[in-house]
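Fit chain B to the given chain A structure using the hints.
Keeping their order, the protein sequence lines are chains A and B.
Under numbering that gives the first Met the number 0, the first residue of the first sequence is numbered 0, with each subsequent residue one higher.
Under numbering that gives the first Met the number 0, the first residue of the second sequence is numbered 0, with each subsequent residue one higher.
Since the hints were made in silico from the structure, they are not lab data.
Chain B is nowhere near these chain A residues, computed Cβ spacing over 12 angstroms in every case: (1) Asn21; (2) Glu24; (3) Arg31; (4) Asp32; (5) Trp41; (6) Thr42; (7) Tyr57; (8) Pro58; (9) Gly74; (10) Arg166; (11) Gln282; (12) Gly374.
If you want the footprint, here are the derived chain A segments under chain B, 3+ residues with CB under 8 angstroms: (13) 110-122; (14) 136-149; (15) 184-198; (16) 258-271.
The following residues of chain A were derived to be distant from chain B, with all beta-carbon distances above 12 angstroms: (17) Ala2; (18) Met53; (19) Arg396.
Think of the CB as a built atom: it goes at the ideal place given N, C-alpha and C, for glycine as much as any other residue.
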Amino acid sequence: MGAHDVAVLGVGMHPWGKWGRNFVEYGIAAARDALDDAGLAWTDVQFVSGADTMRNGYPGYVAGATFSQALGWQGAPVASSYAACASGATALEVARTRILAGLCDVALVVGADTTPKGFLAPVAGERGDDPDWLRFRLLGATNPTYFAFYARRRMDLYGATRADFARVKVKNAAHGLSNPYARYRKAVTEEEVMASPVVSDPLRLLDVCATSDGAAAVVISSLDFAARHGAGSPVRVAAVSTVTPRFPNTVIEMPNFSTDSTLAVPAPDLPFRDSIAAAAYEQAGLGPADLDLAEVYDLSTALELDWYENIGLCGPGEAEKLLRDGATTLGGRVPVNPSGGLACFGEAVPAQALAQVCEVTWQLRGRAGDRQVDGARTGLTVNQGLFGHGSCVILTR
Amino acid sequence: MTKTRVPAVEGWFTLDDEPHLVGSRCTGCGTVFFPAERTACRNPGCTGLDFEEHRLGRRGRVWSFSTNHYAPPAPYVSPDPFVPYTVAAVELPDEKLVVLGQVAGEGPGLRVGQEVELVLDTLYEDDEHEYVVWKWRPVEPGPNAPTGGVTGGV
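So here's chain A without its partners, still in its complex pose:
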């Protein structure tokens, strides 16, 4: 047991979908479920950490306060975090460090979103000094464009095929079939993926994740509080990594126009995505061989394969073989995305990193139903938010 562990007392989610309602409604539904799961009242919460949404006006920028007000002001201090897709992990880290500093015993972390249809677009207006706006204006470089760059690199460097990418979708669709929180619960065949329209070549519609409404919440506490509360042997957060890149960052990333130049300083030993999990492993005193499962951010099917290598499940260029061998399928050596992943959920940005934590928690409790990974004791979540946000959580029991 690590000196920096905190307990996960409760988790809750609002089903993912395209419900078209206010994000606050989803957020407090998830929060109430997490509190019920923890056996705590809202008034027991001593700190609220919200993950922000950028597309729902002012209430979205002050999510911690928004959810607190909706649940009924009870005086607890709040924080609101934005780190794009990594917002949930950042919000979790704010709460965790507050507990570890001894400033509170129990905290509620919530993320929720309502998303528009279609591509995620930049903030509106004439924003000539905003690289996120300019990449759409000058290049038409949508998010799937960047995912496609990585996918084509796998094809060129490692001989990956479109069929390999399709197999990731087939696997994740099968995993998510009975997940009550997933938006898409339908088996998909390789042929269906290959026949879906091309979005950003080589990626097709069924290779790229949708955008969804949804919410996830986590109640965490100090280990002392958990023991006093009679939590038995709770799932513990053993590590949270929210690292940023090291200069020079040599992989082209959203929303950038270029990579950093290596003229003056050589590239770091670990590329950014590798460094995210490495920091978490170091914190937890664990390594890839200790993992029973992982929830990785499959914004695209091909990106899931990159993550296998980034979190050390296999070496560079070996992800396709790991997938084909069934190692990452339920029943395999280290199932990846037993929840169904973004392939079944679609992305609800500030909720997604917390949804990963919810899934791993259910898995480590042995309460994941048909998608249970047998005997799971250690799980990892990993994710990356644009503008340089790493996100990795290791949970153990």
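Relative to chain A, chain B alone:
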């Protein structure tokens, strides 16, 4: 009436027949930035505040690329009907960085490792103006052109 050619963004590229992207170079450590950084050097080991203009090399090799088949959201200005377009990530050997740009002309047939050069081309038009932007155009492959992937890791 002839439309006036104007850059779609000010100061990011030159407007001559052999155009260059315009970046900046830190006079302290020599790091090149595109788009130009003029505030403070982003090398964490350098405290440089002074930059000189740096025109990036006009040729590089394709690191990766993708053709988009769906119209992106605003602020991209799509023609009606929408026309698919290709965006390439190109490795510049002199600056040791990868820079994006749309591909002029045909995207399909492009391959990783192919040599491309910088040109100016129309991004979109209105009644009075033609807005131009930098694009990458494949250089005619010579007899010794590479056929495989790029070497070296960027």
